[in-house]
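Chain order of the listed sequences is A and B. Just remember that my numbering sits 19 ahead of the position in the first sequence, which is counted from 1. Just remember that my numbering sits 5 ahead of the position in the second sequence, which is counted from 1.
Honestly, I wouldn't trust all of these hints.
As the list claims (entries may be wrong) - In silico DSS-like pairs for lysine-lysine, Cα to Cα no more than 27 angstroms straight-line:
(1) A:Lys45 with B:Lys55
(2) B:Lys55 with A:Lys47
(3) A:Lys122 with B:Lys55
If you are wondering where the hints come from, they were derived from the structure by calculation, not from laboratory data.
One-letter residues, chain by chain:
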Amino acid sequence: MLDYTVGGPEAEVARNAGLVDADWYKPKVDRELMKQFMQRSNGLAALHVASWFAALAITGYLAHRSWGTWWAVPAFLVYGVLYGSMSDSRWHETGHRTAFRTKWMNDFVYYIASFMVFREPETWRWSHARHHSDTIIVGRDAEIAFKRKVPFYKYLLELLSFGAFPAELKQWIQNAFGVMTSNQKDFQPPETFHISRWASRVYLTILVATVVFSWQIRSFEPMMFVGLPSIYGHWFVVVLGSTQHAGLAENTIDHRLNTRTVYMGPLNRWIYWNMNYHIEHHIYPSVPFHQLKKLHLAVKDQLPAPYPSTISALREVVYALRRQAKDENFYIKRQLPQHAA
Amino acid sequence: MSQDWIVACEFASLAANDVARFDMAEATYAVIKTKDGRCSVIDGLCTHGKAHLAEGFVDDTTIECPKHNGRFNALTGEPVASPVRVATTVYETRVNDGKIEFRKP
Ligand code: FES
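Full structure from sequences and hints, please.
Encoded structure:
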């Protein structure tokens, strides 16, 4: 079985094969068009973030009012997705600093969303830069969420963050005490370690304060609002996120072969901030979420056919992951357009 | 002693808030015009990876790398957003006779 350890033996194999920080395929786009696509908007991003917080406030209020009744179940289900899953796309786009035009606004939302999606902000900033340099390159990319030769039930357990949450919590505790992990040492500059230390301390303090408050009032309701939604609301990140790369090629330097673009409905696109146009995002990460559809229309002739729906992509993902659990050589081969192969 | 002035491009050919690539003798440069029309010629490759900054995004006096969205001050070369951490080289630049020119030290 392949060793996915970042900086492990496969890293050297990838380097020797010329897969590290390589020149990736880029479709042709007119420069004037690209300049339009790269424009950011504080107003649009603020509107989207405000709509997210408003949805959290409304469902949070309903969840609180219905506490102790069965109505609390659907209320927390929705609140959990808004908190633990929708934060993923806000984390992602503000991490790229493309959502808002103003840098501090991106950073402000990034630190809030990082806590909600349960990711230490500084480490994930660097791991995500690596993910963009070496997308799904084994031994290099720390964000290969769906590996081969993994029993499918483990991915089902991941719907409730069975692997990710404890691993991240362990890292926060280690970081809070000044201990850095091997992954961090591989892709994060040492001069940024202090940010990880302090972010971990602040985030852990918020979690501990929530637990103490819950204990004081003898109710776990506060934890249902802060902390636990990162677990029980995590499942939709896995559902949407699995459509990005799962089951596709590894160790290629063409995003069209290891990434999917999926047509999604307006609700999913609001939750996901248009990350369904994922090939386009990987090739042109400077294009903000609100321009990705236009970018898609400009380049789609040079890309494989998009998946017509979320369900169609998920069907393929489930099929591929189940096959890969037994056969690590299996992957979905995407068909490139002949004139742009 | 400074070398001779090198013509990078016509001033009028570059829009405000834009960047163009200029290659010469195995070297690559990014020629930038800020929002208020000031010009700057910097090293063409990002100091973080090997992306061409000329494919990036200019907003006022900032240029953003197209690969990981790291940012430089286009006039001083200082890094202003991670993952860029190392400043880039800014060359002496002037507008002369309708052309953007620069010279190396
Ligand atoms: S290559 Fe420029 S920011 Fe990474």
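Status of the hints after comparison with the structure:
1. A:Lys45 with B:Lys55: Measuring from Cα to Cα gives roughly 15 angstroms; hence the hint holds.
2. B:Lys55 with A:Lys47: Roughly 19 angstroms separates the two Cα atoms, so the pair holds.
3. A:Lys122 with B:Lys55: Holds, at about 23 angstroms.
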